[in-house]
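Based on the sequences and whatever the hints tell you, model everything.
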Amino acid sequence: MEWSKAKSLLILLMLAVNIYLGVNIYTQLRAEAVQEEEMVRDACTILKQQGITVAEKVPEALPFGLQSHTWVRDTEAERQAALRLLGECHEDQPGGGIYTYNGTEGAITFRSGGYVELLENDGADLDLKRLLLPQGEESRLTLMQQDGGFALCFDGYAVLGAGVGKGEGETWSGTWIFASASQTGDESLSRAQLILSAGRLLEKSGYTELKGITCVYLLTSLQSGDIRLLPALLLDTGSEQLCMNALTGEAALLPQK
Amino acid sequence: MREKLKNLLIVLLGILMVVMLVINLSLGLEESNLRAIGHRLGFRTDRGSTAIAVSEPAVLPAKLAIRGPQGLYLAGGSEMEDLLGTVSPILSEALGSVGKISSISENEFLNYLGGDHIACAFTFPVPFYLLQHWWTGETGFSSDQAASMLAVVSKEEAVAIVFCDDSTGKHYLAETAAGYERFVGQCQAAPAGNAFYAFERDGYHMLAAHEPVWSSAVYYPTYVVAVPDFSAEGAISDQLLSAFDINPFLAEVYKESDGDIVYIEGYNALQFSKDGRIHYSVTGDGGIDLEMDGLLSDKERKAHAARRICDILEQIGAAAGCDGGFSVAGIAEQPDGWVITCERFLGGAFVTETDGYSAVVTVRGGRITGIRITLTTAAEESSARLLPIQLATALLDGSNNSFFVRYAASDGMYIPDLYSTKGGARNGME
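Protein sequence lines correspond, in order, to chains A and B.
Sequential numbering from 1 applies to the first sequence in the working numbering.
Sequential numbering from 1 applies to the second sequence in the working numbering.
For the record, the hints were derived by calculation from the structure and aren't laboratory data.
A few of these clues could be false.
[Unchecked claim] Pair ranges (Cβ atoms, derived):
#1 B:A232 - A:T75: 47 to 53 Å
#2 A:G167 - B:E138: 26 to 32 Å
#3 A:E38 - B:S281: 21 to 27 Å
It should be emphasised that the depicted structure is a prediction, and the values quoted were computed from it without experimental measurement.
Where is the CB? At the ideal position from N, CA and C, for every residue including glycine.
Have a look at this one:
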C-alpha cells in the first residue's frame, strides 16, 4: 500500500517537473523567436538610418536557416536514369568523366558537374520526365516544365543554373542532378545578418530601396564532378536584381543560362 | 491493473523528463559549446564535416585566359580563382578524354588562339600525362609530350586541346571527347576582353608569340606577412605533428638555445625554426608513406606522389594557420625517387620565398624522407597596380620572353611584381 502511495507521489512529482520543463522550453523558444524578430526589425531600422528602405514584405519572405548541399556524382544513378529512358543500351566511357549510353531511340551523354546531353533518333518520342524526374520518395528535388524545357527546384526554391532545354534538331542539353543523396554543408547567415548584408550590397550598387527578395539556390559544378547548391537571395531593387550569397553575404554571380 | 498502469506512467514520464532535460540543456548552451560536448561524447560530428573536400590539381596555372565574343580575358589577382572554378570542369573533361595527339606548326597553334578558347600557362613544361592525372584524378595516361601552355579550342564542331612545349619549341593538337556545346557556352559567357596575344599586335616582338598581354591596368592584392611563432604555447598542435606522421605522445621534444624546437620519434626528426621554417628528415627506414602500393608504372607513381605531397603540404599549412595552396614547380629524378619542389599560390600568383621555393620534398622508396617548408601567415591588406606590360617590355632584350606575376617578400609584406623569363616556361624561374 505504501508503495502504491509512493508511486502516486512520484507520478505527481514527475508530472510537475515535466510541466515545468515544458513551460521552460516554450518560454525559451518563444524568447528566441521574439529576440530574432527584434534583431530583424533592428536591422531594418539600421538600414533606414543609412538611407536604405526595406519593404515590409522582405522580412516575412526571408527564410530561416538555409544550408548548402552537395551531391556526389552517382554514375549508377545516371545509368539507371538512362535505362529508364532508353531501355536496353550500350555504355561507353571515353574518359574525362564522360559516360555515354546508346539505345535504339537515342543516346544520352552524362558529363561531370551534372551536364547531360540527349540526342533523339528520328521518329523517337522520348518522355524526358522518365530521365529527369527525381527518384526517391524523400527527394527534396522537384521538376517543373518551363519554356519548353525543364527546370529544377529544391525545397520549393528555384535552382538557377540547372535546367534542360531543347537545342538544335532533336537534341536536349543542360545541367541536372541525378544523384539521390546529398550532404549538407554550412548554414546561411541569420536573417538579420542577411538584411544588413543586402543593405551593404545595395549601397555599393547605388540603390536605396529593397523592394523584395526571392530565395533561390545557385548550382555550381565542382572540379570533382560533384554538384553544390548554394543558397542565395535575389534582391529586387525595382530596376535590377542583385544576387547575394546567403552563406557569406557577398555578391554572387548568377549562373549562365 | 492499477499498479501496472502506474508503472507504465512512471516509465513514460521518466522518458519524457529525460528528453525535455536534454532539450532544455541544448537550448541553454551556445551552439559551439554544445557541439564540443557532443563531439566528446561521440554523438555529433563537427558542422561541415560531411561537406566534400575537393582536391585541387597538383599544378596550378600561372596564367589563365578565356576568349569569347567580347575578346580575350586574362584573369588577374583574385579573379584567377573564380575563373579557375568556372573552367575546371571543361578542362578536366578535355584532358581526361584525350585521344590522338599529333604535331602541328606554330602558325596552326596561333590560329587556334585566334578563335574562342580557354588557355592556361604554367611556369615549367608540365609532362602532359601528369596534367591529365592531376586535373582529372584518372590514371592510365602515358603521353610523352609536355605543355608549357595549353588551350582548349574548337576544331570542326568538336573540342580539341592545342599545347606547346617552350623547352623544345614543339606544338601539338590533341582530339578530345569533351562537350562542344558546353565549351561554346563557357566561351560565350566569358567576361569582357582585357588582353591580347603578342602575335596579334605590332610592337611586341620581344615577347613569345603566345604571350597574353593585359591591355589595361591590373591590380593584385598585397599581404601583410607574419611568421608563425612556433615557440608559443599551443602553436605546434597535434594536428600539425600528425601531418608529419609524428605521434605527439611518443616523440621526444628538445628546445634548442636559438629558439628552435625539435621533435624526434624513432628515425624521424622534425625541427621548427623561429623564422617559420620547418625541416623534416628521416634516417634509415621510416618516412611518410605515400601509399603507392598497387601503382605499377613509374608515371603513375610520380603523378600520385606529387599529388599526395601537395595534399600533405596543404594539411601542414592549414594546421599552422597559413592560407594558400601549393603547386608543383618541378620534379627532379633521383635514385629510387624524386625531389619535388612546390610553390605557394596566393592571390592569383606564386610566392617566391627569400631562399627559393616554398617547399622542397624528397621522396625515396615510396616514402617522404625529407621536407623543407617555409610557412607564413598572410593577411590581405590592400591592392597594388602592376607595371603595365607595355612599359615592362621596354626593359627586355632579344625575343621569346614571357612575364609572370609573382609575390616576393619585402619589409614584412608580399608585394606582387612582374618577372620575366627568357624562352617562356622552360625550366621555371631564373
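Hint by hint, here is what the structure shows:
A beta carbon spacing of about 48 Å between A232 of chain B and T75 of chain A agrees with the range 47 to 53 Å that was offered as a hint. A beta carbon spacing of about 28 Å between G167 of chain A and E138 of chain B agrees with the range 26 to 32 Å that was offered as a hint. A beta carbon spacing of about 59 Å between E38 of chain A and S281 of chain B contradicts the range 21 to 27 Å that was offered as a hint.
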